Every structure is written in structure tokens, then in C-alpha cells.
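Engineer: Place chains B, C, D, E and F on chain A using the hints.
Number of protein chains: 6
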Amino acid sequence: MFYHTKELQFNARVSKPDPRFARLLLEQFGGGNGELKAAMQYFVQAFTVKNPYPDQYDMLMDIATEEFSHLEIVGATIQMLLSGVNGELKNVAEEDEIMSLLGGKAAKEGYIHEAMVNPQFGVLSGGGPTLTDSNGVPWTGAYVNANGDPTVDLRSNMGAESRAKIVYEYLLKFTDDPYVKETLKFLMTREVAHFQMFEAALATFQPNFPPGVRQADPRYSNVYFNMSKGAEARGPWNDGTSTQLGEPWKYVADPQAQVEKTNGLVDSETDDTTKTSQSLKEMEADLSKKKVKEINSATPEKDIQWSEYGVKNKNDNKA
Amino acid sequence: MFYHTKELQFNARVSKPDPRFARLLLEQFGGGNGELKAAMQYFVQAFTVKNPYPDQYDMLMDIATEEFSHLEIVGATIQMLLSGVNGELKNVAEEDEIMSLLGGKAAKEGYIHEAMVNPQFGVLSGGGPTLTDSNGVPWTGAYVNANGDPTVDLRSNMGAESRAKIVYEYLLKFTDDPYVKETLKFLMTREVAHFQMFEAALATFQPNFPPGVRQADPRYSNVYFNMSKGAEARGPWNDGTSTQLGEPWKYVADPQAQVEKTNGLVDSETDDTTKTSQSLKEMEADLSKKKVKEINSATPEKDIQWSEYGVKNKNDNKA
Amino acid sequence: MFYHTKELQFNARVSKPDPRFARLLLEQFGGGNGELKAAMQYFVQAFTVKNPYPDQYDMLMDIATEEFSHLEIVGATIQMLLSGVNGELKNVAEEDEIMSLLGGKAAKEGYIHEAMVNPQFGVLSGGGPTLTDSNGVPWTGAYVNANGDPTVDLRSNMGAESRAKIVYEYLLKFTDDPYVKETLKFLMTREVAHFQMFEAALATFQPNFPPGVRQADPRYSNVYFNMSKGAEARGPWNDGTSTQLGEPWKYVADPQAQVEKTNGLVDSETDDTTKTSQSLKEMEADLSKKKVKEINSATPEKDIQWSEYGVKNKNDNKA
Amino acid sequence: MFYHTKELQFNARVSKPDPRFARLLLEQFGGGNGELKAAMQYFVQAFTVKNPYPDQYDMLMDIATEEFSHLEIVGATIQMLLSGVNGELKNVAEEDEIMSLLGGKAAKEGYIHEAMVNPQFGVLSGGGPTLTDSNGVPWTGAYVNANGDPTVDLRSNMGAESRAKIVYEYLLKFTDDPYVKETLKFLMTREVAHFQMFEAALATFQPNFPPGVRQADPRYSNVYFNMSKGAEARGPWNDGTSTQLGEPWKYVADPQAQVEKTNGLVDSETDDTTKTSQSLKEMEADLSKKKVKEINSATPEKDIQWSEYGVKNKNDNKA
Amino acid sequence: MFYHTKELQFNARVSKPDPRFARLLLEQFGGGNGELKAAMQYFVQAFTVKNPYPDQYDMLMDIATEEFSHLEIVGATIQMLLSGVNGELKNVAEEDEIMSLLGGKAAKEGYIHEAMVNPQFGVLSGGGPTLTDSNGVPWTGAYVNANGDPTVDLRSNMGAESRAKIVYEYLLKFTDDPYVKETLKFLMTREVAHFQMFEAALATFQPNFPPGVRQADPRYSNVYFNMSKGAEARGPWNDGTSTQLGEPWKYVADPQAQVEKTNGLVDSETDDTTKTSQSLKEMEADLSKKKVKEINSATPEKDIQWSEYGVKNKNDNKA
Amino acid sequence: MFYHTKELQFNARVSKPDPRFARLLLEQFGGGNGELKAAMQYFVQAFTVKNPYPDQYDMLMDIATEEFSHLEIVGATIQMLLSGVNGELKNVAEEDEIMSLLGGKAAKEGYIHEAMVNPQFGVLSGGGPTLTDSNGVPWTGAYVNANGDPTVDLRSNMGAESRAKIVYEYLLKFTDDPYVKETLKFLMTREVAHFQMFEAALATFQPNFPPGVRQADPRYSNVYFNMSKGAEARGPWNDGTSTQLGEPWKYVADPQAQVEKTNGLVDSETDDTTKTSQSLKEMEADLSKKKVKEINSATPEKDIQWSEYGVKNKNDNKA
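Going down the list, the sequences are from chains A, B, C, D, E and F. Heads up: the first sequence at position 60 corresponds to 62 in our numbering, and the numbers run straight through without jumps. Heads up: the second sequence at position 95 corresponds to 97 in our numbering, and the numbers run straight through without jumps. Heads up: the third sequence at position 128 corresponds to 130 in our numbering, and the numbers run straight through without jumps. Heads up: the fourth sequence at position 175 corresponds to 177 in our numbering, and the numbers run straight through without jumps. Heads up: the fifth sequence at position 95 corresponds to 97 in our numbering, and the numbers run straight through without jumps. Heads up: the sixth sequence at position 60 corresponds to 62 in our numbering, and the numbers run straight through without jumps.
If we strip away everything but chain A, and leave its shape as in the complex, we get:
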């Protein structure tokens, strides 16, 4: 169950309205790397994790809930940057008089120009945030990655936090408002903190590479295909030893020849005598057995209930 308190997690303030920066900031409200994406991603991931891995479930729900709180901070900042717009839109009386008296023509021109920044602030949302990115494209569930395996999901999250961090970094280039910068720096820093939380949680699952259960085929896991000709480069990604499996990289300079020679790679062979088909199968079997047990033992087969009630109270009494 969620609760809300009226205070923002961070004391968001703005020096003065700035509809143009409000538009940019939409990127983190309803954009692909924004706070709603983060909140929903961790929230959705948490469902499969809850029973088998309750500790990591707690972490996912802590961070998901913080991201909802950040979404509120971003929305509040946009709203403050748009101060005045909503009121102005209600001001329909005696427009002609005002216009002619107060050089309204020019004023209206300026007003229209501001509105062009994001027309929907003017004609749709009435001066409030829209659930879109900075170009007005609506948020979509397609942003959310949740694949039912913590060794995958936590890596997705490290990517997501990296992207959210850089977007805040870029946004900082586009405002001089010291209050807004303060808020952006807080939010940016939290992405850095979350990244490290996810990385630490990933390490609690062992082995965690390759992600999932199935092992890599040693005939294909250490091959580098030189598919882009000209200005070829060698680096630790195709020279030396691979980062996780520790296999020597094999550089295929001419993939076409290789493919033809090996009947479409099907006849490829591996030099690695330690990873036999049998040894990999056994490794998979062990890992699979362990994971299946962790997951299935944590869920009853019928009369399934999500929460227990009153338990905490009892414990509190004991304490």
C-alpha cells in the first residue's frame, strides 16, 4: 500500500517562472529516462522477486517509492516554472479593452511566442505538466524493462540509472536558476546512489554471468566478427581475454570466408577443452535446480495470499 505526505522529499524551489525550461524538464517527468520510467520499472520488477528474494524486493520497493517521490519533485518544479500561465488562461474578460490600452498586441505576441515553446502548456494542460517527454510525446509502457530474472533486471537498472544521470547533467546546462540547479543536482546524485545499490544487489546473486541460467556455447562466445571494413581497430574487446568468461578473443578478419568455410558457422570448433558440452550441461543443471527451488519453494501452489496482516503488530508487542 502506498501513502503520501504533503512535503516533498526535497525542498524544491524556483526563483522565477521559466516556461522554456519547464518544457525541457518534461524529459524527466514523462520521458524515456525520466522518473516515472524508473518508478514503474522497479515497481513492476518487484512482483516476481517478492517471494523468492524478499530482501531484494524490499530494496526495489524502497527505490521505486523514492522514484515516485522524485516524479512529484519534478512535476512540482515544472508547475512552479509555469506559475502564472494557468491564471492568465482564465483571464478572458474585457480582453479587447486590455489589449488596446496596454499594448496588448505586443503582449499577446510575446505570450504566443512563449506558448510556442510547448503549445500544450497553453492549449491543453492549462499550465500544468503533461505526461510527455520534452517534445510532447506521451510516456509509454515500452520504456519499462522487467524480465523476471534479477541478474537481468538489475543490469537493466544500472543502464537506466546511467541514462537518468546524464539527462540531469545535460539539463543543468540549460538553467541558471540556483534553486532549480540545487534540485537537479540532488536528483542527479540520487541516480548515482541507486546505480551502486543495484550493483551491490547484483553481486548477491552468484553466479550472475551469463545472466539467466543457460550457459554460452564456447564455439561462439569468444569470437569477434570484423563486420565493418576499413579503419579496423583492436582493443580489449577483441584482443586478449574476455571480461567475464576469461576466454581468449578470436578475431575473424574476414567473416564471409569464415561463414562459407564452416557451413554457416555450424561446423565451428572450439579450442577450449575445459568447457565440454557435458560440463556446461551439468553447470546448467545445477544452477537451474537451485533457482527453481528458490522460486518454487517460496510460492504455495494454491490458496495463495500476498500479504499477512497484524503480524507486525504482534512482533511490536513482543519487542
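A few of these clues could be false.
Where chains are identical, the list cannot tell them apart; a pair therefore holds if satisfied intra-copy or between any two copies.
[Said to hold, decoys possible] Derived BS3-like pairs (lysine-lysine); straight-line CA-CA distance at most 25 Å:
no. : residue 1 : residue 2
1   : 277       : 18
2   : 263       : 295
3   : 187       : 263
4   : 175       : 18
5   : 283       : 304
6   : 252       : 263
Derived by calculation from the structure, the hints in this document are not laboratory data. Remember, predicted model here, so these are calculated numbers, not experimental data.
Structural biologist: For chains B, C, D, E and F alone, coordinates are given in the frame of chain A:
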């Protein structure tokens, strides 16, 4: 700021897994009338309302937060209905042996058939909910209506609650699980409760019709155009007096003739002598002045701050 | 069957081209609360209604067809506001000479600036309307709400008309062209008229609350959960009697405690002795029987035909 | 302005309900090649054409309006194929008794299975059509092509009609209902008719190739790049003379060598001595001047009005 | 299999950065008529064609691969037009000092203004291309038309090439950079070349009209319905003989009367005595038999393999 | 520039058609973690990297091109799994006879049932792949993450490869076809290989944490907020030292109290005396200077050219 507690607002349970109903229930998780839509709609609407109308802001945030809690209930139910899928997907060891020994062929056939119910439960989400509707279409911000005016937004919400109610009603036709029906009836009833809350809140804004500030043009507000020929019907929507403005309906049986006769309606006239152009203008002016004042007086023009901190504590000490 | 006549329903005119306002006006052409949304929503709703409720079907088709006619008015206005763009885009001859002779550099700069207003007017549509909102996001069927129950659909429509009305109200702030304002006021007023038609039609279905057939559970229908802490407010939405069911509101100040005490609300009780489980069931049974009869008796079970032909002629002869 | 009459353009009938075919038929209701796409495409294209080319405008509006009428036929057929679903969804009374008495369990199983065909018929639309394709993906404005030039738009339409035709052809494979086949064959045939209308209209614009105004660069217009190696084929698309410009095809067997030799094609030369840079420029200038004149002379620069009223009446009186 | 070489197919250059034109050019990178759309459309179409029609498969893959190469050219041009943005975004050090010393306020204002051109260049992509159209709407698979029949697909492609051509033509109006114009003219010309290739390939399928296999019903294939009243026009699209089937157009001036008279067109008759129901059925049977044979004989029913390896080498040795 | 050769990179085969698995496999053709997503993501990222980091550019283009080749493998497999569908759809002759003679009714029933697997294989694509996920939702550019900074993009890619790996792992549960499993295992393994390439490339950028240039604020970077109450857990993500910055985690058990006490966190303090505001600013300045130099020095300010031609040839001559 949001908080989360581990207990669901409602004690959601399922008798046994049912992937097919899990798919249907996605309609209320990531569908157009589902819980995320409701939560986000009221949450986004709340930003413009907070300063001028703090009481209604409190109501919107109360209901938005409850809808987030309902989203969690729906997700938890889907997860319980999918019990076993995640574990089965990890079970990759010795598959061939199992297959041949235990009539695995047929088992796999059955499994594939179940997966066809919603392929993404099987191949994408690993047996967890997806942020989509029951057809797998991702949730979109386009579902959210927030127009910066309570006389509009509260009516949008009454429509939204009506739709959410009927979808739960339909869903109840597709499950026999008594636990699931219990949960669906709770959620359905809450939509009925929320509808009445929004209706009550709408009545606190007076006048609230027409929504917004501008008044209707009496030459066009009571005209009914018979655009669909054959089997014409008369009813209170084109006969008698209009519901809100109390004007007599004028039925235009032949719109083409009327349009030609009136130079494209521009030369239309009204019989209503009470609503003169001047009287309407004054009504607009008064209403506009009142609304602009309510809104603008509630927001400072610079150094704007969203929350105050420590205030509640002080008050608590006083009490 | 639809027909078209070359005259617009309203004599739409513009004083002079204005590509910037053309962009804003797209919001009502291909936007979420625009004329296509309205037309398609009522048109799609009409299919389920036709047989059981032919009078309301006639109303839905009258209004849907009028909305298509409004879509044409909006598109025509956009086209007139873009006058000159299409011709200019064909003007590719001797561009270098023109440029150097006539200060073309500056002219082109200005032209590019105008195009930036909405690049697709310049590089995609060739100076015609696009089926998008004011930010260029394509219209989507996700805007359309049609749930197969008039007590729901008509409420959706009242919400939709309210939103369309306020968008026209906002748009009026962004143009000074008296012709365009005239058209916008006509279109805005028609939304006010349609709202009242739908409201009147809703009243012809009795009972119409709760929408649909199923009744609310009296244990949950009058409860208000205080989910957002701090600055709590009381109002007619949580104090006094509910608007439609006339139940006394019960305010739950501490939902967490309530949820724990009632085993996740499952053990909630109601004070209302008049609405017993049995009486509600009977009410549902009666209503269900009535509705099923209305619907099923209106549709044959086989050899189903949509229209009858020549009937009107016969009647005409009689008259 | 649009009108509607209650009779369908074609006497659509169904022998008996068939929810599965109803789902397939959605492809032509809200799918990418369906009737709404066609109607909206021609309707949107018509705006730029109206003033300079009133005859072709008439044709576009005739066909657009017919496509709206076809949309209604498709929707009506879907509705008839879903007969019974809406009524069944209202049948909520005494469900337990019915279930136990009448082998309801099995009946419900069957019902659920049918619903799985398209869950949204069951839980969202209440047994009516949805504005989606056969997979439930909402219709999108991205389907509509309108580029402000008849030599382009009419070709888009010939492509669109071809696609609509083949979808009806495929659909005919999936139903045995003779009434439904009759309707599908009518609709399929109309696409064939419309294709030929667009083709005839295209021929009234001369020259119409290349589409638009600008001419092709003879250094690049007749070159064929062999970008896919192995199993190369020669045919009239890279051998002989090109279809419209009548240039001899030049086959570049080794594009990489060609690109390097010609400094990235910039140093390419043409053998065609008839199409000089100057002659092409003049051709463009002439064509541009003609088109600009056609377009600009048809639209006033200010006080622009879309329709004239009463004109037809006057003429009628004369006749 | 695809390869890449570092050289662009065309020597794309820009004179100086121009973020505004970079935004416009996105229309051909991630827009509905852009290079990715073309590449993916031909690539996806190629799969069904490969076995029965290997020559046309070669052509589709040649052109698809060229379009991928054009996508790269467009992306490279956008990147060059954005030169400096990425570097500037990394420049976060000592900002306050720079600002105060160098009139940074104004500089930042200018920078913000540029960023407004497309905010995502500034805050999302870090100064690189985004996979969107010029309004920031993400590319969608809905742009791709592939219907499994060359007589349809090739016509879709002729429409697509026409649209791509006109968009390049329009884009040429918005830049003065001679290098960029050179590139745009190359790309525009290639669309003209591709159009003719598809047209030539279409002619290799005979008969190819109507597209697909099923024949048109002669009762409906030559009828023109006058659905839009007023300013009716006659032209080769409703007067004379139809372009492909050579049937005389029948003009129905009053569709409503015709529909009522013919029982919803069901009782329509044809004057054409040559196309009997039987003769059309036989034509369909012959064509169907031919096509089925072409397709089915080209694909084995089991143990299906896509490519053969080493074959070319053998042939090479022979040569 | 791209090239294509007719041989697939891997010798994809299928034992026999299987439309149901073809539908599932669409997830990797046009789905959110599929091959097109991967190909486009690396391709788009490569543009900003090319000049400053040519070695990593080479790697991105090598892998992007391989992913295009995998997209072809997946499409070819889907096509082979659909063998027979395209031919059957052309078989329209004498259907009635076939039906009655050969128990066609049942056959058609079965055929329809198969088609229900994914209706668009039957009625839209004519038995070829569609550019959608397994539910028929079109691929969208929203899947692509490219943020103009390698320390972000490479992390996005590690997440993306993890997701692609698990989807192949899940898919392997749904087919028994040994040929198809062979192909899936190859593709799955390549994701494992690519993950390690990206990880190795990330290590060549130092420092690479936090991603981007700006440093974390030490007052917020090591704080863990306990936002989800009940069943709290401690783990390396909130206990001990953070993974990258090596800071001690601070666990805030009661965030509400903390927020109120610190004036909305603004008055937070840090214990870390080594990271002063000044030292962080200097670190940022150094890193910023380095990055700006790397990027800006690699791109000329005017007359920018993407490729050089003929260079390789010269070098080849030298060798």
C-alpha cells in the same frame, strides 16, 4: 513524498494459478481504464490545483494514492495467477530426458498453448505482469486527461471512474475463483465511491457550467441538428428544455437548408432576450476576475517554494 | 451511409495566414480532445446501441456526424491559415538568383523560422493539416472510449465535451483574428450543447447509478481513505452524505491501522442494515433481467441484417 | 458538411455470430490498411487540393465519403458477428445458480475461450468493435499519407488501395458465411474501382514524373548498385531502359570500387548529353512557374473564405 | 549477412553546423517516409519473395541495402550539422566564472534558444541524431507495408518512393548549404531511380491487376458514387473507360436512391456480358493454380534451409 | 556504406513449419529487446563517437552490423516456420468444391485456429514476418537508447544484451525443433559475447563513474531511504561501503522525520571531509577539460566531411 508499506490495502488472494485470467486482468493494470491511468490522471491534475484549491488537492492526492495502491493489488493478483511460470522458465536442465520420460512432448504442447494466452508472459516478462493492456499494447500517457480546470478535470474523472467500474463488472464474468471475485468487487466498489467524491467536489465550484470561464453563444447552444436521416427520434436531448442552461431545444430538421439560409449559420439569431451579448460578457468578466484572483493570489511571483517543513511539528507541539 | 456537401456547416473564414496559430489549432484536428476523437467515439459507441436503443442511436449518429462536420471546419481553417505555404514549396526555380537579388538570405531565414513552428507543415504535409496534435504526435485510437453500456458511454461523452470546450476556450487566448474567433466560439458552444444532450439522454436510462448492472458493496462504497497525510481537508466528498447512493461518508484517518485491524479490509462491516447482501442481489437480478431482455430481444440470433431498404419510401407514400 | 442516412451503402448481413472472424475483420476497421485509414487519407489530402484543383477535390471527397460509409459497413458486420456478447455481459444475476444447474462451469470455460479470441471484446468494448487492428493495436494517424502534391498523393492512394484489396482477399479465406463473403467481395471490388479512379486522376496532371517539381540528376537516376552479393540477377529493373525517364540502366557490379574511384560519387559523370544542367533547370523553372500560378491564383491573400452559401439555390432557381 | 565499410556511399559534407536544419532532416532519418522506413519495408518484403522469385528478391535486397546506406548518410549529415553540441554539453567546469566573465547570460540564452529547436538534441541525445521524425515522434513499425504479394508490395513501394522524393524536394527549400544541397539532390534522385526499378519489376508479374488473385465483381467495379454534393465534376475517373479493366464508368448521381432501389446494392446488375460469374471463376482458378505452384514448389515441406554455403566458391573455381 | 551477401551469418534451418513458434519468435524480430533494437541502438550511438573515439566507433559498427545480420537470421527462421501459409492464401480457386469434398469445413476450422495464433500472419503479412513484437505491437524508436556519452551508452548496451540473452533463453523453452534450438543457442551466445565486448570498451574510458562529467554530491550519494515499511532488509546495498565511490552507506530508517528535520534535505551535511565542494569542482573541471578537448579537437568547425575516399587504396599500394 510517497511511502509504501508491505501490506496490500486489500487482502488479495487467489485459489489457484490461472494464466488466462491473468491476461484479462492486465486490462486494469496497464490498460486505458486501469489503475495506473486513474492514479496518474489524478496525480497530474493535482499540480495545478494545489495552491488555489488546497482542499480539493488533498482529495485528489488521497484518491491518486489509493489508485497506486490498487495498481499494486492488481499486479499482485496477476503475479499470483501466474504462479509457477517463473520457476518453470528457469527449469532448463536435462530437458530432453524429462521430455522423453514424462510424456514431455504433450506437456510442452500444453505449455505452449498456455503461453499463447499471452506470449509475453512466457518469453518476455518471465511470468510477471507487463505494463500493457490485455492485448499487450503498452500503457500510454495519452490515456491521461488533465486540463488545468477543476470543472473540466472532475468531469473527466467521473467518466474515468464509470469506465473503470464497468471493466471490473465485465471481468467478473470471466473468473469463478471466489478470492479473485472478492478482490474485483472491492476494486469495483471503490470506483463507485470515487465517482461520488468527484461529483461532490465538482459541486463546490459554482458556477461550474459551462466548464471553464467562457459562456456559450445563445445562437448555437440550444440547437439540435438532424444530421442522420431516417428513423429520426425525439427525446429530452432535442425536445423540451436543456439540462443545464434551461434553454428550449430548437430542432433543425434540415441542416443543409438552414446552413444555406443563414450564410453558414453566421446570420443565425436567438430568441432569448435575456442573454444579450453584453450580459454574457459581464458574466464572463465577473467569473474571470474571481478565478484569476483565486489562482494568482495563491502563488508568489518569485522565490516559489512547494512545501514547508517542520510546520506540522510546531502545530503538533501546540496541540 | 455518409454524404458530404461542399458547404461547411459554419462559414469559416480567416483574415490572413498565420502558421503559428495553425499549429495550435491542430490540437482540435488530430489531438486527444479534438473533433476526430469526438466523431469516432460517438460513431463507435453507436454500434452496440443501435438495436436495443434506436432513439439514442439516432442521437449518437446525429452528433457523430456533426463532429465530422466540425473536423472539416477545423481542417479548413488550418488550411486557410497556411495559405501560401503550398505554393511557396513548389517555387523551386531560379532560387539562387531570387536569393541574391531580393535579400533572399534573410527571407529564407524568416521562412525557416516560420517552418520551425511545425516543421512538418514545411517538409512533410506541404502546407496542409497533419493528423496530429499541436506537438506533431499522431492521433491514436487510444483516445476513443466505447464500453458497450450507455450509462458509461454517455458519462464518458460528458467528460469529453467538457475537455473539448476548455481547449477551444484556451485557443481563443492565442488569436486576434476576428473571423477565427467567430469560428472557435461556434465550435466551443456546440460542445456545451452536446454536453447537455448527453446528460439528457443519460437520464432516460433508469437507474443509471452505479453505471452498469452490478451494485456496490456497502462495506466499501462510503469509505474515504486518508492516504495523503498533512493538510488534511474535509468536504462534501468525505463528510456528510454521498451524492448518488446517499450513504454517510466514513472517514478513515489512519488507513494502515484500519487495514491491519480488518485483515486487509476483508473483515470490514457495514452499518447499513437496509442494503443486505440479499437485497442487493435481487436488485441486480431485476436490473440484469431487464437489460438482457432489452438487448437480446432486439437482435435476431441468425440471419442478421443491419438495414432495411425501401421502407422509408413506403412510409413516405403513406404520408 | 457531412450527412448520414440510416441505411448502409451495402446490405450487410451475417448468417450467425462468429466472434473469431469479428476479430480478424478488425483489421479493416482500425487497421493500417482499413477503411478509416483510407477515409482519413483522402479527406486530409483534399484540403490542399480544393482551391487549385476543384475537380480532383470533388473526386477525393466522393471517395473519402464512400470510405467512411465502408467503415460503417465493416463496423456493422463486426457488431452482428458479436451478437449476443453484449447481452451476455449484462447477465450478472443468479450466476451461481445458473452455473451449478446448467453445467455452467463448462459453459463459462467455453465462453472464456471465445473471449480469448480478443479479450477486449469481453472486458473492454462490451461486445462492440474497437478502433484497433486485429491484434488490438489502436489505429494511428501515422497510417495517413498526405504530402500536399497530387502527383505524390495519388500514387500513395494507388498503393493504399492495392493493400486494402489484398487484405479483403485474405479475409475471404477465413469465413464460410455466404452473407459475409458477399459483403467482403463488394468492399474488395470497390478498392479495385478506386485504384483506377486515382490512376485516371494522376494522368490529368502532366508531367507527373518525377513527382513534384524538381528533376532527377542524370548522373544518379539510371544507376543500379549491386549492394547484395551472390545470386545476382538482371532484369528490366537494371538492364535496358528505365520505365519513365527512358534512360539506359548502368549496372555497378562493385559499388565499393565505384565509390572510391569517384570520391564518393561526387565525381560521377553522365553520358546523357541531352539533359544538361541548364536544360533541367529550365524545365524545373517552367514547371515551377506553372504550379505556383495554379496554386497561388486560387487562394486570396487575405479575408479567405472556404465556402459560398446560397449559390446553389440561385443556380437552381435559374435552371 | 550484412557488411559495412567505413566510407559513405556518397561524400556527405556540411559547410557549417546548423542545428535547425538538423532537426528538419530528422524527417528522413526516423520519419514516416524516411530512409529507415524504406530500408525496413523492402527488407521485410524480401522474406516471402526469396524462394519463389529469387530475381526480384535480389532487387529488393539491393535496394534495401542501399537504403540502409542512405540512412547512414542522413545520420552522418545530421551529426555534422550538430557539430559542437556534444562537446559543449561536456563543458561543465567553472561555468559560473565563464558566465559572468564572458556575458555568459546572453550566451546561455542563445544556447537555450538553439536547444529549443529540438530539445532532445540538448537534453537527451547529447548532440546526436534521434530515431524520430522532425517533431520528435519515435519511428514506428506501423510505417512498414509488407503484404506477401509482389503485385501489392511493389505498388506500395512506388508510393513510398514518391513520398520520399517530395520530402527531399521540400527539404531543399530550407537550406542554403551547397554541400548539404548536393547530398539531398543525390538522395532525391535515387528515389526517382528506385521508383522506376519497382515499376519495371511489377511488369514482370502478369497479370498484375487487380493485385492478388481474386477478380473484381463487374457489378461494382465500374461504378462511381457521387457522395459529395455540390460542385460535382466529371473527369476520366468517372467518365469514359476505366484505366486497367477497360470498363465504362457508370456515374451514380444519387447514391441514396440507388441504394434503396437495389436493396442495398445487392440487386445490382451488370451490362457486361463478357465477364460472367463463371468466366471470372475460371480466370481466378487458373491464376491461383499458377501462383500456388510458383510458391509451393519453391519451398520444401520439411528440413528447410535458408542459404547454401560454399556454392559460390565452387562456381568461382569453375570460372 | 552497407553491403549484403546472400548467405546468412548462421546456417538457419527448421525441421517443419510451426506458425505458433513463429509468433513467439517475433519478439526478437520486432520486439523491445530484439535484433532490430540492438542494431539500431548501436548504429545510432556510433554517430557521436566516430570522430573522438574511432576505435570504439569501429566496435559499435562491427556489432551493429552483426545485429542486422542476426535480424536477417530471425526473419528467415520466422519465414521458414510459416512455410505454406503464403501459398495457401493464394489458393482461392474452387474453394467450395474443395471444402465439401475434402471435409473442408474442419480443415478451414483448423486453419482459422492456426491463424488465430497471430491473425496478421493470415490477413495482413501474407505469411511473412511483421515488424512487431509477439503481440503484434509495432516496433518503436522508443526502444533505442543513445545519449551521446560512451560511459552511459555502453552501460545501456550491457543492459540490452542481458535482456536479449534472457529472451532467447525463454524462447528455447517453447520449441523442440533441433534446428531452431541450434540457431537460438548461437544467437543467445552472441549476446553473451557482445556483453563482454561492451564491458571491455567501457573500461577504456577512465574515469567512467559516475557516468558523464559531473560528480555526485556527497551529501546525497551514500544515503539509503527506507521508503517501503515492513519487512525491511539490510544488505550490501544499504550496509557497508558503496560499490564505486567507496562511501559508507547511511541508512535513513524514517525518511519523513529526516526530511522535516533537514528542511527538505537542503540542510543535510556530509561526514566526508575528503570530498569538499572545491575538490569535486576541480575534479569536474579536469575531466570536463579533457573530454571537451577529445571531442572538439576531432571535429573541424567548418567544411566538415564524414569519409575520406581512396585512402585505403593508397595504403594498400604501400603494403
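Engineer: Decide, hint by hint, whether the structure agrees.
Structural biologist: Status of the hints after comparison with the structure:
1. 277 - 18: neither (64 Å within a copy, 31 Å between copies)
2. 263 - 295: neither (44 Å within a copy, 34 Å between copies)
3. 187 - 263: For residue 187 and residue 263, the Cα distance is within 25 Å only across copies (20 Å; inside one copy 56 Å).
4. 175 - 18: Classified as both; 17 Å inside a copy, 23 Å across copies.
5. 283 - 304: Cα proximity of residue 283 and residue 304: none, with 32 Å in one copy and 29 Å across.
6. 252 - 263: within (16 Å within a copy, 33 Å between copies)
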